[in-house]
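*Asks:* Protein sequence lines, in the order shown, are assigned to chains U and L.
Going left to right, the first sequence walks through residues 1 to 326 as the UniProt record's numbering numbers them.
Going left to right, the second sequence walks through residues 1 to 386 as the UniProt record's numbering numbers them.
To be clear, the hints were calculated from the coordinates, so they are not data collected in a lab.
One should not assume that every hint holds.
Computed Cβ-Cβ distance ranges for the label pairs, DEER-style [to be verified]:
#1 D225/L - P127/U: 23 to 29 Å
#2 D139/U - D225/L: 36 to 42 Å
#3 R133/U - G379/L: 26 to 32 Å
#4 Q289/U - F224/L: 46 to 52 Å
#5 S118/L - T172/U: 21 to 27 Å
#6 R15/U - Y181/L: 22 to 28 Å
#7 R316/U - I35/L: 45 to 51 Å
#8 L88/U - K213/L: 35 to 41 Å
#9 S188/L - R41/U: 47 to 53 Å
#10 P127/U - N315/L: 28 to 34 Å
#11 A360/L - P20/U: 29 to 35 Å
#12 A360/L - D50/U: 24 to 30 Å
Simulated pairs of lysine-lysine, PhoX-like, Cα-Cα distance not exceeding 20 Å [as the list claims (entries may be wrong)]:
#13 K369/L - K281/U
#14 K213/L - K174/L
#15 K281/U - K364/L
Where is the CB? At the ideal position from N, CA and C, for every residue including glycine.
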Amino acid sequence: MLELPTIQDTMNDRRRINGPAEGTRPPVYASHLKSGGATDRAQRQREPTDLRKIFLKTGLIPSASGSSYLEFAPSSSLANARSNPKSLIPPSSALKLSCTVHGPKPLPRSAAFSPNLVLTTHVKYAPFAARKRKGHIRDASERDLGVHLETALRGAIIAERWPKSGIDLTITILEAEDDRWWADAPDLHDASWGMMNVLAGCITAASAAIADAHIDCLDLVSGGVAALVSDDSTEDSAAAPRLMLDADPAEHRSIMAACVVAYMPARDEITELWLKGESSKIALEKGDQRSAHEALIDGAVDAARGAHSVLSEAVRETMLRAVTPL
Amino acid sequence: MSSQRQASSAAQIPHLSPAELSYLYTSLSLPNSPIRPDGRSPTQFRPLSAETNILPGTNGSARIGFADGTQAIVGVKAEVEKTVLVSDTLDVQHEAQGTGNGEGGEGSSSAVTGGHGSWVQMSIEIPGFRDDDALPVFLSEMMRESLVGSVGVKDKSGEENMAGGLKGRLVINKRWHWRLYIDVLLLSQPLSYPLPLLSLTTHLALLSTKLPKLKSKGEEDPFFDDDWAVAEYIYPRVLGVSNTLQVRPPVTLLVISVGENVIFDPTREEIAVADAVLAISVTRDNEAGSLQPLKLLSIRTIDPPSRLTQPGIPNSENVNMLGAPAPNENVAVLNPATGEEEVPGVWRPRRGGVKRSVIAGMVKTVLKKGGVGEEVLAGLEGVEVS
């Protein structure tokens, strides 16, 4: 274990004026509050089945054998705040991440024999990625994301074509999703919902980078998120939550449950499924007999199908670049 | 070292030959009546011995040992901690209206009564793994998310019925709360994927966990009764209909699918040939009027270790068998479950993922009335918690 400097050490440092150990937030002035603006809650402007636009491009990092960069379109309130800033605090955030693939390369001499390709995944948040600063050492949630990503990709890669070799896949998250609206106190159903959107983005980007590195896969695997959302927290709490595809946690009052899948459309198969939260009630159309968790999984698969169209277009561009050198 | 690290997400693969793997797969995928190596039925668990309250220094503890010699101990410790109001939240209503000076309103209480997921800390120690390896991290996140994710329902009678689930139970008042440390120790080498063992032990330990009785009232600094005999269970003993405990900690079940069969509590050999591995967390649904007795809290796929195994080579492709007369039965057939050409009796690791119908089937076997989930919870209730 690495020894971190304790608070005691910094307390004894009397020669400098240190900033507060915890983060601070930009000031919010009373005049702002009265006129609205800074404290307007972000609202979802999309239809429940609409996805955010995705920007995906491969081959941006020349030293890697495959790479990709993915960005979600900022929500309308974020776009408004950027073009017409009223406050220092952005109302929501949009995912940005880059992914690199190194390999296939021979395993080190010390490694045990493996008849298959050995996949290693690293997911790291940049220190400035979230509202709260992340350390340089990967924490539990980042390791957890790495395991999820590995499961998602291992099912798609045809691993027996590269015996005794390995690939390293590294994802750096430059801007992460919020877990809730920034000014909300954590409520009953609070959990790291932003992580699920991040994982879906990681899966799609990693799939593009692996295709860019010319590693054989069964199909392009893409990630999708669906969530059960209850927006009216006021008096009608008995109302069942509704299904939203690609839900941005900053745009909703309360997320009850969410689900991420990694999905291969050509085989109609799921390589990774992560569902959490209270999924017992759901408001579906009349005649729909699905239970809440089935509806969630189906919704996430629909979102993944949407991401797949972007992914296949990005991979097609990659191939065009390869056959027509500039 | 890196291959050991990489295999860690699905526990180590046993050293079985392709022929053995193929034999196991065939017997486990027999339609409707899988034959397991130890003769269990598909939904039967391994025999285990359990005891609770074994560690006097903890608030609650349990030990479970499986018949194959794997043992786990869980200790639960609780500490009183001052609630730090999250600095970057903004109570818009309060500040905008200018009412109330900071606290004392009804608006700010909603945040506090909810409790916070980070108040439950979980650490898992598995021999042979570092504490930042993938397996312990993955397991502890999986078990923690279902623990803090379960939110009890408010009873109409207004009784104390775990509103807010475990998180809500940890709130003492607006300024103080309990912090719960759940430390899981696997005493033996992980012979099989340790999730069922660790989850059942954690469940029992939480059932036996007691917190000292609070003597102070309201917003006073907390002051507790020093008589341990009057301490209160963290999961209160309220008997509901059909004489079962109403509020239960969640339990995580390991389910695999082989061919068209769904198999519970797999051993190391069985999990090595699984098509899909799911960890499904459930708890009792104490909401009136629900059709199912159980509530789903989380599902996670676990990387099936079969993807790391060595494939077998059919005789027709084996260079050593070139001179041998070609046997007639050695013809590739299309496997309906995988949609790939396979030679019967030759092991071929499963490629790709799971169909949605398979996942739905696995979840249904756990959740349905009289299903495995209910059986497990009833069985755990039988363990005498003293």
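*Asks:* A separate judgement is required for each hint: does it hold in the structure or not?
*Replies:* Here is how each hint holds up against the structure:
1. D225/L - P127/U: 23 to 29 Å: Violated - the Cβ-Cβ distance for D225/L and P127/U, about 46 Å, lies outside 23 to 29 Å.
2. D139/U - D225/L: 36 to 42 Å: At roughly 38 Å between Cβ atoms, D225/L and D139/U fall inside 36 to 42 Å, so the hint holds.
3. R133/U - G379/L: 26 to 32 Å: Roughly 46 Å apart at Cβ, these two residues miss the hinted range, so it is violated.
4. Q289/U - F224/L: 46 to 52 Å: 50 Å, holds
5. S118/L - T172/U: 21 to 27 Å: 25 Å, holds
6. R15/U - Y181/L: 22 to 28 Å: Given range 22 to 28 Å: violated, Cβ gap about 37 Å.
7. R316/U - I35/L: 45 to 51 Å: 48 Å, holds
8. L88/U - K213/L: 35 to 41 Å: The hint (35 to 41 Å, Cβ to Cβ) is violated, given that L88/U and K213/L are roughly 48 Å apart.
9. S188/L - R41/U: 47 to 53 Å: The hint (47 to 53 Å, Cβ to Cβ) holds, given that S188/L and R41/U are roughly 52 Å apart.
10. P127/U - N315/L: 28 to 34 Å: 57 Å, violated
11. A360/L - P20/U: 29 to 35 Å: 50 Å, violated
12. A360/L - D50/U: 24 to 30 Å: Holds - the Cβ-Cβ distance for A360/L and D50/U, about 26 Å, lies within 24 to 30 Å.
13. K369/L - K281/U: Judged against 20 Å, a Cα distance of about 18 Å means the pair holds.
14. K213/L - K174/L: 17 Å, holds
15. K281/U - K364/L: Holds: K281/U and K364/L sit about 16 Å apart, inside 20 Å.
Of the hints listed earlier, those the structure fails to meet are numbers 1, 3, 6, 8, 10, 11, in rising order.
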